Amino acid sequence: MKDYDSKGIPHTTPRYSATFSPDANSDIRRAAATGIYDIRGGGAKRKVPNFDDLLFLGASISRYALEGYREKCDTNVTLGTRFAKNPIELDIPITIAGMSFGALSGAAKEALGRGANAAGTSTTTGDGGMTAEERGHSSKLVYQVLPSRYGMNPDDLRKADAIEVVVGQGAKPGGGGMLLGQKISDRVAQMRNLPKGIDQRSSCRHPDWTGPDDLEIKILELREITDWKVPIYVKIAGTRPYFDTKLAVKAGADVVVLDGMQGGTAATQDVFIEHVGLPTLACIRPAVLALQEMDMHRKVQLIVSGGIRSGADVAKALALGADAVAIGTAAMIALGDNDPKWEEEYNKLGTTAGAYDDWHEGLDPAGITTQDPELAARFDPIEGGRRLKNYLKVLTLEAQTLARACGKNHLHNLEPEDMVALTMEAAAMAQIPLAGTNWYPGKGDF
Amino acid sequence: MQTIDLETQSLRELNQTLHDQIGQTNQTAWEINNPRGSHAIAVGLDAPMDVTINGNAGYFCASMNKQANVHVKGSAGPGLGENMISGTITVDGDASQNAGATAHGGLINIKGNASARCGISMKGVDIVVHGNIGHMSAFMGQSGNLVVLGDAGDALGDSCYEARFFVRGEVKSLGADCEKKEMRPEHIEFLKDILERTGADAKPEEFTRYGSARKLYNFDVDNASAY
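In order, the protein sequence lines correspond to chains A and B.
When you read off a place in the first sequence, starting at 1, and then add 224, the result is the number in our numbering.
When you read off a place in the second sequence, starting at 1, and then add 798, the result is the number in our numbering.
If you're looking for bench data, these hints aren't it; they were derived computationally from the structure.
Quantities reported herein were computed from a predicted structural model and do not represent experimental measurements.
Take these hints with a grain of salt, some might be off.
[As the list claims (entries may be wrong)] From the structure, some residues in chain B lie toward chain A, with a derived Cβ separation under 10 angstroms: (1) Leu812; (2) Ile839; (3) Asn881; (4) Lys921; (5) Tyr959; (6) Ser971; (7) Leu972; (8) Arg1012; (9) Tyr1015; (10) Asn1016.
[As the list claims (entries may be wrong)] Computed beta-carbon distance windows for the label pairs: (11) Val495/A - Ala827/B: 24 to 32 angstroms; (12) Glu977/B - Ile260/A: 21 to 29 angstroms; (13) Glu641/A - Gln822/B: 52 to 60 angstroms; (14) Ile260/A - Gly997/B: 45 to 53 angstroms; (15) Gln414/A - Asn824/B: 47 to 55 angstroms; (16) Ile252/A - Lys979/B: 36 to 44 angstroms; (17) Arg810/B - Arg287/A: 47 to 55 angstroms; (18) Glu977/B - Gly360/A: 41 to 49 angstroms; (19) Arg810/B - Lys474/A: 15 to 23 angstroms; (20) Ile252/A - Gly967/B: 47 to 55 angstroms; (21) Asp604/A - Arg1012/B: 33 to 41 angstroms; (22) Glu805/B - Phe307/A: 19 to 27 angstroms; (23) Gly910/B - Lys474/A: 53 to 61 angstroms.
[To be verified] Not everything, but these chain A residues come out facing chain B in the computed CB check (under 8 angstroms): (24) Met376; (25) Asn377; (26) Arg425; (27) Ser427; (28) Asp432; (29) Glu445; (30) Ile449; (31) Asp451; (32) Ile606.
For each residue, glycine too, the CB sits at the ideal point set by N, CA and C.
Could you build all of it, start to finish, from the sequences and the hints given here?
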């Protein structure tokens, strides 16, 4: 574009509207062309206050550090100590979140099991029931009880090392799911007892209980069926974490899994993902407060998920009071999802590596979120498992590095006092002092 | 006949004792006295045993049952036979809401009425209700058969898949994508057999069949107003 017009008058710089941004305009054009909202996978992409807005203080005169590579910093965690005869013992406080066979290929589920096994942690089933691959390759497997109950049966329930009653998911609190027909292979259809090729709706509510009083009875039923052997988790979306945590504990949960809005999904409306729920950062302190008020902190374990990427995120979540974290999206990236080596094919799908989120369409070039045999054959579960193990090890080493710097000989000894916040928003949400002050919004005078 | 008395024994003892029979068939006749509406009675059974509950049961009675024949000589609370796989459950009285929810197989025979959401998300079970059923019954029903000798409440079979519904009386309203279907010879044969097995006093020809219109199987924006 020329700087001047034909009369020599300078052009103003073309200026995009902050309101009608290129993104917003593309959404409008898409809606106008199709008449239907956008469905995609993943979690919230909008920028929200997150763990990057917190910093550790490290050691000083009043805190002495532990020697890296020499002094011990333990990472183990026991989940389900409240009622279960057989709590789950993990080597690291990083678990693999629930992802269904159906949304993921069988080989991808196998890789999750292999990687988690090698790192000493657990995996979780999803909305498609339990596959032989993941049971066979996961020494510690959490079996989700979801509203759809696809594939739910007492035999698998008894094979599980823990049971997770899923009430909500951070990406879509109050929403169900949809596995589109193109991903319904013969095996997926058979496991879910539905015709091949039709859209499979996952319900937003459980069919057999409603409300906290019923949940207590539901948990009793599951405990009786499994003879009180395995822990019962209750997974809640980050919406009302204080109240939901209290209700879950009152209902008898051994473990509360709390999923913030950056947590992923296989397929949901974009408007749902971006506009419902709380950032993970804002969820943790209210949940921990609820546990503390009930004298249940560290007795009912808290697993936090939604946007965990690095050992720093792990350490910060634990410092805020979580007992463990769960990863889903990051695990998929570790397996090879959105890898730039598939850039040409991502381009053909109208996207780019790092932004691909149409997992529901079953066309994943990386062969992870697909049931297409040819695409799925691109993914090597052994190599994928190795990559996941490496990634989990790095997360652990990073978290240990930060904990030692704060003088902690166990990741669980990290505490809110080890951190400061970089922004007012993060200070308010995490109830961590703004850097350079001893104040956060809501706490007395500045 | 082995007897467990819930006045003197705990629910845990009851279920553990019944679970201990898994893989053994020596003691096949069990009687549970004084159930007094307890929840989770006889859940997760997996042996060809006959269990009689002498009284009313609470939530989730005989849920996830495999193989066992459970007879409730009273009424049952919500979630009767939830996610049952096989076997039979007979209830002499009424069943509360969500009877047979997500059940995959077996037979649930309710001699009285069943409340709302009977057969919700059913996945292969056969349910026979001698009286009436409440609203939203068989919501998202995937497969199996729901046979009702009386009337059905609002929104029968809403968003159902391949489950079949046979109603002798009135249907207050049909749910989204549920429609009246033709009764073919195989349906008459099916009804004849199941009515006989459940001791139901009705003739197959008196029933009307309902099922999915299959218009909502794949999302189409033009059907959005149906939801």
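Results of checking the hints against the structure:
1. Leu812: Holds: closest Cβ of chain A sits about 9 angstroms from Leu812/B, inside 10 angstroms.
2. Ile839: Holds - the Cβ of Ile839/B comes within 10 angstroms of chain A, reaching about 9 angstroms at its closest.
3. Asn881: holds, 6 angstroms
4. Lys921: Cβ of Lys921/B sits 5 angstroms from chain A, so the hint holds.
5. Tyr959: holds, 6 angstroms
6. Ser971: Hint violated; Ser971/B Cβ to chain A Cβ min 20 angstroms, cut 10 angstroms.
7. Leu972: violated, 18 angstroms
8. Arg1012: holds, 8 angstroms
9. Tyr1015: At about 4 angstroms, which falls below the 10 angstroms cut-off, the nearest Cβ of chain A leaves the hint on Tyr1015/B intact, so it holds.
10. Asn1016: holds, 5 angstroms
11. Val495/A - Ala827/B: 24 to 32 angstroms: Because 58 angstroms falls outside the window, the suggested range is violated.
12. Glu977/B - Ile260/A: 21 to 29 angstroms: Given range 21 to 29 angstroms: holds, Cβ gap about 25 angstroms.
13. Glu641/A - Gln822/B: 52 to 60 angstroms: holds, 57 angstroms
14. Ile260/A - Gly997/B: 45 to 53 angstroms: Given about 50 angstroms between the Cβ atoms, the range holds.
15. Gln414/A - Asn824/B: 47 to 55 angstroms: With Cβ atoms ~35 angstroms apart, the hint is violated.
16. Ile252/A - Lys979/B: 36 to 44 angstroms: The hinted range 36 to 44 angstroms holds for Ile252/A and Lys979/B, with Cβ atoms some 43 angstroms apart.
17. Arg810/B - Arg287/A: 47 to 55 angstroms: holds, 48 angstroms
18. Glu977/B - Gly360/A: 41 to 49 angstroms: holds, 44 angstroms
19. Arg810/B - Lys474/A: 15 to 23 angstroms: Check passed, 20 angstroms falls within 15 to 23 angstroms.
20. Ile252/A - Gly967/B: 47 to 55 angstroms: For Ile252/A and Gly967/B the Cβ distance comes to about 51 angstroms; the hint holds.
21. Asp604/A - Arg1012/B: 33 to 41 angstroms: holds, 39 angstroms
22. Glu805/B - Phe307/A: 19 to 27 angstroms: Check passed, 25 angstroms falls within 19 to 27 angstroms.
23. Gly910/B - Lys474/A: 53 to 61 angstroms: violated, 33 angstroms
24. Met376: At 6 angstroms from the nearest chain B Cβ, Met376/A passes the 8 angstroms test, so the hint holds.
25. Asn377: OK, holds: Asn377/A within 8 angstroms of chain B, min 6 angstroms.
26. Arg425: Status holds, d = 7 angstroms.
27. Ser427: holds, 7 angstroms
28. Asp432: holds, 4 angstroms
29. Glu445: This hint holds: Glu445/A lies near chain B, its Cβ roughly 4 angstroms from the closest one there, short of 8 angstroms.
30. Ile449: holds, 3 angstroms
31. Asp451: holds, 6 angstroms
32. Ile606: Hint violated; Ile606/A Cβ to chain B Cβ min 34 angstroms, cut 8 angstroms.
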